[in-house]
Amino acid sequence: MRKLILILLIFVCKISDAQVYQLMPQYGYDAKRMKFDSTLQIPTTCGVPTLKSTYTKYSAIAFDTCNNRFYVYNSKTLVWDTLKGGTGGGGTIDTTSLSNRINQRIDSLKRSNDSVFARKNGVFVFQYKDSIGTGGGGSTDTTSLSNRINNAYTTITKLTDTSFFLTKPNTLKDTIKFNKDVVYTENPILTRVSNDSTIIYLNSDSASLYRRMIDTTNAFLISVSQPNDSSLTFQKGATSTTYTIRASIAGSATRLVTTAYNNTGVTIAKGSVVYITGRHSSNLPTIALAQANNEANSYKTFALVENDIADNNSGIIIQAGNITNLNLPTSTYTDGDVLYLSPTIAGGYTTTKPLAPNHICKLGSVTRAHPTFGTIEIKIENGWQLDELSDVSIATVPADSTLLQFSRVDSLWHDVSVVNAIGSNYIKPSDTSVFQRKNIAAYSFKANNTGSAANVTDQIFRDPSIQTYSQTITWTGTTAPSGATNHTYNWTRVGNMVTLNITLVYATAGSALTAVAMPLPTDCPTPKEPTGLGAASEILYLGTGQMTTSNTATNTSVSRCFLRVNSADNGYELGISGASGAYKNALLTIQYFVN
Amino acid sequence: MLHIRQKNSIVGEAYTIVQTKGYGGQGEPPLSEHPSLVEHPDLFELVDEEIPTEHQYLKYDG
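Protein sequence lines correspond, in order, to chains A and B.
Quick note: the first sequence, position 406, residue 406 per the numbering used here, numbers continuous.
Quick note, the numbering used here runs 1000 ahead of the 1-based positions in the second sequence.
These aren't lab readings, by the way, just hints derived from the structure by calculation.
Treat each hint with caution, since some may be false.
[What the hints assert, rightly or not] Partial list, computed: chain A residues near chain B (C-beta under 7 Å): (1) I473; (2) T474; (3) Y506; (4) A509.
No experiment lies behind these values; they were computed from the predicted model shown.
Beta carbons: idealized from backbone N, C-alpha and C, even for Gly.
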């Protein structure tokens, strides 16, 4: 029975093994073109084969008998590709002949001393050198073998789904990273990475080395914009940061400006001069028009308004630098004019330097006088008050007639009264006797008429101008000189001494004259009569004088001149006596004392 | 007023009157006998006119 079952089983297996192979319809139309024997016979075509079925999930093969090419259909890429018969290869066509390929091979390696030489077609073409030395063929490779080993990439490590590293054994710095997200438009042949986000490309021409960085931390600057004159906005990733340029860091800035807020209730016009009044809720400084009519309106003068600033709006004000497009007509302004804060117009300016009690505040200079394109170079210099100077210490409102006096005790200037300023070493108002000396009596001078040092006393001094002598003259002789006359006298008194000069000039000479007498001029001081003299006709003083016959000749004879009491003893007269002559003039000078 | 004057002094500012002390008074010789008129009638004259404010005197001494 067992044999029977075995025989039956063997029979069944035989029957199974003998099943005829049935081609599946989706494998082609002509199953007869394929045969399985000692060789596999496949379908043939002329040119690129095409699938007859739309069922493409299986790969296929066919042979192009016209071009002697073997085609493979890739069911994944849905593309036919060739395997060329005769010259071998697959994919792209290899046009290199077999003989050339044979000639390109290195036919032997030979070690000599410290080098390994590569020989091709019997010629040394390359040398691998382990140390410094010489060798034949090709260029000399001076890199040691150990260094070359260290330069070799030893590991490949996947970093992310988009990148991996080629790692050298010695340092992390030599790690190489390829990032498939990078678009290699420059066709680099080598990419080195200095850190996770920096890729260094070495171009195929080996001449340009540059790097491309991937901004993984928003460290890269995308754009820079200028929202206003004094700010710059930098964008990194989605973040924008605005920086205000300050004068301290803007070394080449041409203007110094501030954004300010107008809450005055009215528009502040372009070019107006303003000062800072406080702070707005927007944290901008508030401004108002400056004016040089008092300290409060002028001492905080800050800037000029760049453009009209409407009420409850902000705008730029310029502290330093130029402001343009102003109305500065040439009829009023000249290039180079210095401008001052106006004492009469709020926010205005003037070319006239304000004087006290107005306040001086220099605004800058006109750099272009023009009715529409006027330009001012702003440099505001607020004037200083005396009490604002660092070396002046005075009261806010000094006393009237106060003087400014320097003290070496504290090296400061102080306000002091006149008396305190003078001190004890100089004449002061209380020294009345001193000041009285400058106002002395009429016809007097000051002198010390004592035998020792003493305060001066009044002394008489009088020096009238020359006058016409009109007193009655008495001549003694045959005839008196006559005709037109020119009689003058002049006298001076210094102290108690009088000097008198009388000149009588006639047109016609007299004859046989021996004397002439004339009263003492009425304005002359009364003579002091010497003791023992003073009676009628008594001579008191002698002088010098002559009667002359012409204006040019002197009298050679002796003449006597005197001052005496007149014959009536009620006055004084002067006289000249001498030899008889035809005189026409009489001249005398005499000094006498007075009481 | 009667007086003796120097003729050449009429014109000008030096009107000259001769002092006639001792003549013309009570019990004295008349002015016409004054030596100046007697000796020099060509130079002096007796007149009865107002004496100018500006004048001078001559003590006739022959």
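Per the CB criterion, is I473 of chain A less than 7 Å away from chain B?
4 Å, holds
With a cut-off of 7 Å on the beta carbons, see whether Y506 of chain A makes it to chain B.
6 Å, holds
Let me know if the C-beta of A509 of chain A comes in closer than 7 Å to any C-beta of chain B, holds or violated.
11 Å, violated
Double-check T474 of chain A for me: the hint is only fine if its C-beta lies closer than 7 Å to a C-beta in chain B.
4 Å, holds
Of the numbered hints stated above, the single one contradicted by the structure is hint 4.
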